[in-house]
Amino acid sequence: MNKATTMSSDAAASAQHQKNKFKLKCHAIWIKTKAFFHGNPPAIIGVFLITMILLGALFAPVLSSHNPEKRVARPHQAPSADHILGSTRNGRDVYSQVLHGARKSLTVALFAGIIAMTIAIAVGVTSGYLGGKVDEWMNFITNVFLVFPQLPLLIVLAAFLGQVGSLVITVLLGVTSWPWGARVIRSQTMAIRNKEFIISAEAMGESKIRIILVEILPNLISIVFGGFLGTVIYAMGAEAGLGILGLGDATEVSWGSMLYWAQVSSSLYTGAWWEMLVPAAALALTGGALALINMSIDQVSNPKLKTGPHMKLWKRLNRETMKSRGLL
Amino acid sequence: MNVSSLNTAKSKAPLLEINNLCVDYVSPHGIARAVNNVSLTIAPGETLGIAGESGCGKSTLAFAITRLHKAPALISNGEIIYNGRDILKMTDKELRAFRWNDVSIVFQSAMNSLNPVITIGEQLTDVIAAHKQISPKEAVAKAKELLEVVGLHGDRLKSFPHQLSGGMRQRVVIAIALALEPKLIIMDEPTTALDVVVEREILNELYDLKEQFGFSILFISHDLSLMGEIADRIGVMYAGNLIEIGDAKTVFTNPSHPYTKGLIASFPSIHGPKERLYGIPGDPVNLLKLPTGCNFQARCVDCMEICTKDDPILAELSVGYQAACHKL
Amino acid sequence: MSFLLRRLGFYFTAFLIAISFNFMLPRMMPGDPIDALFAAAQGKMDIAQMDAVREMYGFMDGSIFEQYIAYIQSVFTLDLGPSVLMFPIDVTTVVGMSLPWTMFLALGSLIVSLILGVTIGTYASYRREGFFGQFVPPLLAFISNFPYIVTALLLFYFFGLQLEILPLAYTYDPSIDPGFTWEFISSVAKHAVLPMGSMILVGIATWVFNMRNAMINVLGEDYVTMAEAKGLSSFRVMYRYAGRNAILPVATAIAMAIGFSFAGSIMTEVVFNYQGLGNILLKGIMARDYPLIQAILLILVSAVLTANFIADLLYVWLDPRISK
Numbered sequence: 001m002n003k004a005t006t007m008s009s010d011a012a013a014s015a016q017h018q019k020n021k022f023k024l025k026c027h028a029i030w031i032k033t034k035a036f037f038h039g040n041p042p043a044i045i046g047v048f049l050i051t052m053i054l055l056g057a058l059f060a061p062v063l064s065s066h067n068p069e070k071r072v073a074r075p076h077q078a079p080s081a082d083h084i085l086g087s088t089r090n091g092r093d094v095y096s097q098v099l100h101g102a103r104k105s106l107t108v109a110l111f112a113g114i115i116a117m118t119i120a121i122a123v124g125v126t127s128g129y130l131g132g133k134v135d136e137w138m139n140f141i142t143n144v145f146l147v148f149p150q151l152p153l154l155i156v157l158a159a160f161l162g163q164v165g166s167l168v169i170t171v172l173l174g175v176t177s178w179p180w181g182a183r184v185i186r187s188q189t190m191a192i193r194n195k196e197f198i199i200s201a202e203a204m205g206e207s208k209i210r211i212i213l214v215e216i217l218p219n220l221i222s223i224v225f226g227g228f229l230g231t232v233i234y235a236m237g238a239e240a241g242l243g244i245l246g247l248g249d250a251t252e253v254s255w256g257s258m259l260y261w262a263q264v265s266s267s268l269y270t271g272a273w274w275e276m277l278v279p280a281a282a283l284a285l286t287g288g289a290l291a292l293i294n295m296s297i298d299q300v301s302n303p304k305l306k307t308g309p310h311m312k313l314w315k316r317l318n319r320e321t322m323k324s325r326g327l328l
Numbered sequence: 329m330n331v332s333s334l335n336t337a338k339s340k341a342p343l344l345e346i347n348n349l350c351v352d353y354v355s356p357h358g359i360a361r362a363v364n365n366v367s368l369t370i371a372p373g374e375t376l377g378i379a380g381e382s383g384c385g386k387s388t389l390a391f392a393i394t395r396l397h398k399a400p401a402l403i404s405n406g407e408i409i410y411n412g413r414d415i416l417k418m419t420d421k422e423l424r425a426f427r428w429n430d431v432s433i434v435f436q437s438a439m440n441s442l443n444p445v446i447t448i449g450e451q452l453t454d455v456i457a458a459h460k461q462i463s464p465k466e467a468v469a470k471a472k473e474l475l476e477v478v479g480l481h482g483d484r485l486k487s488f489p490h491q492l493s494g495g496m497r498q499r500v501v502i503a504i505a506l507a508l509e510p511k512l513i514i515m516d517e518p519t520t521a522l523d524v525v526v527e528r529e530i531l532n533e534l535y536d537l538k539e540q541f542g543f544s545i546l547f548i549s550h551d552l553s554l555m556g557e558i559a560d561r562i563g564v565m566y567a568g569n570l571i572e573i574g575d576a577k578t579v580f581t582n583p584s585h586p587y588t589k590g591l592i593a594s595f596p597s598i599h600g601p602k603e604r605l606y607g608i609p610g611d612p613v614n615l616l617k618l619p620t621g622c623n624f625q626a627r628c629v630d631c632m633e634i635c636t637k638d639d640p641i642l643a644e645l646s647v648g649y650q651a652a653c654h655k656l
Numbered sequence: 657m658s659f660l661l662r663r664l665g666f667y668f669t670a671f672l673i674a675i676s677f678n679f680m681l682p683r684m685m686p687g688d689p690i691d692a693l694f695a696a697a698q699g700k701m702d703i704a705q706m707d708a709v710r711e712m713y714g715f716m717d718g719s720i721f722e723q724y725i726a727y728i729q730s731v732f733t734l735d736l737g738p739s740v741l742m743f744p745i746d747v748t749t750v751v752g753m754s755l756p757w758t759m760f761l762a763l764g765s766l767i768v769s770l771i772l773g774v775t776i777g778t779y780a781s782y783r784r785e786g787f788f789g790q791f792v793p794p795l796l797a798f799i800s801n802f803p804y805i806v807t808a809l810l811l812f813y814f815f816g817l818q819l820e821i822l823p824l825a826y827t828y829d830p831s832i833d834p835g836f837t838w839e840f841i842s843s844v845a846k847h848a849v850l851p852m853g854s855m856i857l858v859g860i861a862t863w864v865f866n867m868r869n870a871m872i873n874v875l876g877e878d879y880v881t882m883a884e885a886k887g888l889s890s891f892r893v894m895y896r897y898a899g900r901n902a903i904l905p906v907a908t909a910i911a912m913a914i915g916f917s918f919a920g921s922i923m924t925e926v927v928f929n930y931q932g933l934g935n936i937l938l939k940g941i942m943a944r945d946y947p948l949i950q951a952i953l954l955i956l957v958s959a960v961l962t963a964n965f966i967a968d969l970l971y972v973w974l975d976p977r978i979s980k
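Residue numbers (my numbering), protein chains in the order written: chain W, 1 to 328; chain X, 329 to 656; chain D, 657 to 980.
Extracted from the complex, chain W is given alone in its bound form (with noise of 0.2 Å):
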C-alpha cells in the first residue's frame, strides 16, 4: 500500500519532470524560430507565400471554382468574374487548374527532395563517418553523378521510357538529385567527427549507429534542411521542364502539363498569355519564396552571415564617435 503511494508519487514526480522538459524544449524552439526571423524580412516574405501556396494547394478542392478536367468554358476565354484566371484552349478554367496543379507540382517536387535527401544523408554521413576504402568509393560514385548533366540525362531517360506518370517522375528526380547534397553532408560530417563530443562518445564505447543518429544528424539539420530546399526547388523546375517537353503524363494537371498545353496551343502568340503565364508565375513565385527560405536558412548553419538588428545602432554610435573626431 504504502509502496503503491510512493510508486504513483514518483510517477507523478517523473511526469511533472517531463512536461517542464517538454515545456523548455517548446520555449527553446520558440526563441529559435523567434531569432529566425527577427530583423529578416526575407525570411518572413519567404515563408509567408510557401504558407498562402501550400494552403492553396491543400484546399484546392474547396477554393477552385470549376472542375480542372472537365471543359466548363469557350476556349481561350479572357479573366472574367466567372473564371478569375481565364480559360484554356480546351476550356479548362485556369484558376482551378493552377490550385490543384499544384498539389501534383509539389508533391512531385517534395518527395523527390525526400528521397534524395534520405540517399544524400545515407550516402554523406557513411562515407564522412566511416572513412577509409568505403568513402573512396562512395566519394567517387558520388563524383561521378555530379559530373553528370542530371537534366538531360532525365529527358534521355523519359524519352525511353514513353510519356512517364508523375510517380515515375518524382523517383527519377529523386535518385539523380542526391550527390551535392551527399557531398556536403559528407564534409560536414568530416568536420564534425573529429570534435571532441564525438570522441568521447566513441571512447566511451557507443555503437557506430548510436553515434550516427544521435550526435551527428541533429548537427547537419540545417544542411540537411537548406539541401533539401534546393532540391524541391530543382524538382519543381525539372519537372515543368520535362512537362513543356511533353515528358510528362499530359492528362494530370500539373504546373508542367498546364505550361504544355498552353505551348501546344500557341496561346502566347494568340494573346491567351494567362494560360502560360498563369502556371509560369506560380512556378516562379514557389520557387523564388522557398529560394528566399533557403537563405535565411544558411545565416543559421553559417552564423557569421547574419547581420542583426545591433549593427543598426553599432553604425549610429560609430558615426557619432567620428564626428565627435571631426572625421565626418
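Hints may be right or wrong, so weigh each one.
A short, non-exhaustive set of chain D residues, derived as facing chain X with CB atoms under 7 Å [as the list claims (entries may be wrong)]:
1. Asp878
2. Tyr879
3. Thr881
4. Lys886
5. Gly887
6. Tyr897
7. Arg900
8. Pro976
9. Arg977
Below are the DMTMM-like pairs computed for lysine to aspartate or glutamate, each with C-alpha atoms no more than 25 Å apart in a straight line [as the list claims (entries may be wrong)]:
10. X:Lys538 x X:Glu557
11. W:Lys315 x D:Glu877
12. X:Lys398 x D:Asp878
Hints were generated in silico from the structure; no laboratory data involved.
These figures come from a predicted structure and were not determined experimentally.
Ideal placement from N, C-alpha and C gives every residue a C-beta, glycine not left out.
Could you slot chains X and D onto chain W? The hints should help.
Coordinates of chains X and D only, in the frame set by chain W:
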C-alpha cells in the same frame, strides 16, 4: 651615463601614450566594454608586456592602436597619441600612411597571418612599395635583405607559405614587421603556435634585432613567465581593466593585486623548487553582466564589503607602479 | 601534376560509365528497339541500313560482352549510325552542327554570370550592412530561382512578344550567310541576347551567394587584417588578399554549375527555338530518333566532362597548394 640619458628621455616624451581608452562591442544582447578606461605609455626602446586571460581585452587594446578593430567593435572614448598626433583623429589616408610605417604587428599565428596563395616575396614587397617610392627591383633587393636579417635564404621570396616550416613562417612575419623599420612593433602572442625550442630561438633573435633596430615592443601574452624574461614593464588586464602595471621584476616577484598573484601562482617556475600550483577559482566575468564594484570580486580570496560597492581605481603605489585594488 | 592526371583518369572512367549506360538504355526498353526504330523511320530505311544500325548498337550475334566491345568501338570511331529524323545524314554530323551553339549558350552564360556574380558578391560583402548588401542578394535569390523554363518564357513574352525589340527564334537571321562578317556576328549576338540573358538571370545568384559567403568567411582571417595593418589600399586588401582566397571555394562550385548550365541551355533553346542540341533533342524525341538522342547524351556528357577538366586546370592555377 647612457642609461640615465635614456631614462630622462623616457620620462620626457613617451613614444606612445594611451589615455582613457574605451573599446565597446555592440552585440545583439547589449554593449560589452572590452577595454575600459585604460591609460598607459610606451617609451622609445621599451618592451611593455600586457598579460591576462583570453577575453580580457589585451588583443582588443593592441588592435585599437592601429585602429584595426572592425564592426561591431567601436572605440568609444579616449585618445592614442603617437609622436604628438592622435591616431583616432587621423583620416583614412593618414592612417594608411601611419600603419606599418610607424607601428607594425606580428600576429598570433604565422600560419594564419600569411596569405596562403600569395608568395612570400609579394607579401614582403607590397608593403615596401605601398609606403616608399622605390622601383620594384629595389623592393625585391630590400626584401631579400630582410629575409637574410631574420636568418632565411633570399631564394625563399618565391616560396608560398605552405612550403615553409612553422618557425620559418614566423621569421617571415617578423621580416615583414621590420620592413619599414617601425618605432613600435606590437606582438600578439607571437610564439604561442610554436614549439618551445623554436620559441626560444625566435625570442633570442628578437632580442638581437631589437638591439640592432632599437624599436619598442608591445608584447601581448597570457604567458607571464615568458613575459617576466622579455619585458621591461608588465601590465595585467582583467575584464577590460588595467589592474596592475609596473616594472617587470616587481610584478613578477612581488605582485600587489590578488588577480596577478593568482595568475603567477598558476604558472610553474622552471628554475625554482617544485611548488604546488594554484589556479584562480571561478570563471572570467561576463562583460554584459558586470557586477557593481570590483569586477574580480566573485573570484577574489580577499573580497571585502567595499569591493561589492565601489570600483577600485588604479593608484600609484610607488614611482611608476600602479594597481587597482581596495586592499592596497 | 599528379592531381591533374588523377582527375583525367576520373573523367575517363566517368565517360566509360556514360557509354555503358547508353549501351544499356535500349536493352532496358520493352520490345526490340531496332524494330521500334524501323517503325519510327516510316519506310525511310531499308533492311541493309537497319542491319547497319543493329550492328552499330552491338545488337549482333555473340555474348553481351562482345556486343559491349563492339559498341565501345563504334563510339570511339564516332560511327554512331544515321539519324532517323534527318535520314540519311549521320548522327555525328547532325550533332556536330548544333553542338557549337549549345556550347556558346551554356559556357557563354556561365562565364558572364560567373564574372558578374563574383563582382556583385564581393561588393555585397563589402557593403553588407548597407542598402546594396541587404537588398540585392535577397532580390537576386528570388529572381534567380525561377525555373529555367519560366525565366525563358517570361523574357520571351515581355521582351520578344510584347516589346518586339529582340528576335524570338533561330540562332541568326536565316537570310544572312554565315561568315566572319559584322552583319552575321551582330545577328548572332542579337539572337543570343534573350536566351543567354535568361540563363544568366538563373545562373547569377549562385555566384553572388558563393562569393559573398566566401568573402565574409575570409574577411575575418588574420591575413586580411594583416594586409590592412600593412597600410595597403582597401582595393588591394579586398581583391588581392581577400578576393583571391574567397574565389577558391567558388571555383569548386563550377563543376556542378557546368552540368546545370548545359541542362539550362536545353530548356532555353526549346523556348527560343534556338538551333542547338536541345532543340534537336526535342525533335529527336518527337520522332523517336533513338540513335540521335543517345548521341546527344554522349556528346553532352563529354562536353561537360571536358569543361570540368578545364575548371580543374583553372583551380590548379588559382591554388598553388594543390599542385604539390
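Item checked: Ascending list of hint numbers which this structure does not respect -> Violated hints: none; all satisfied.
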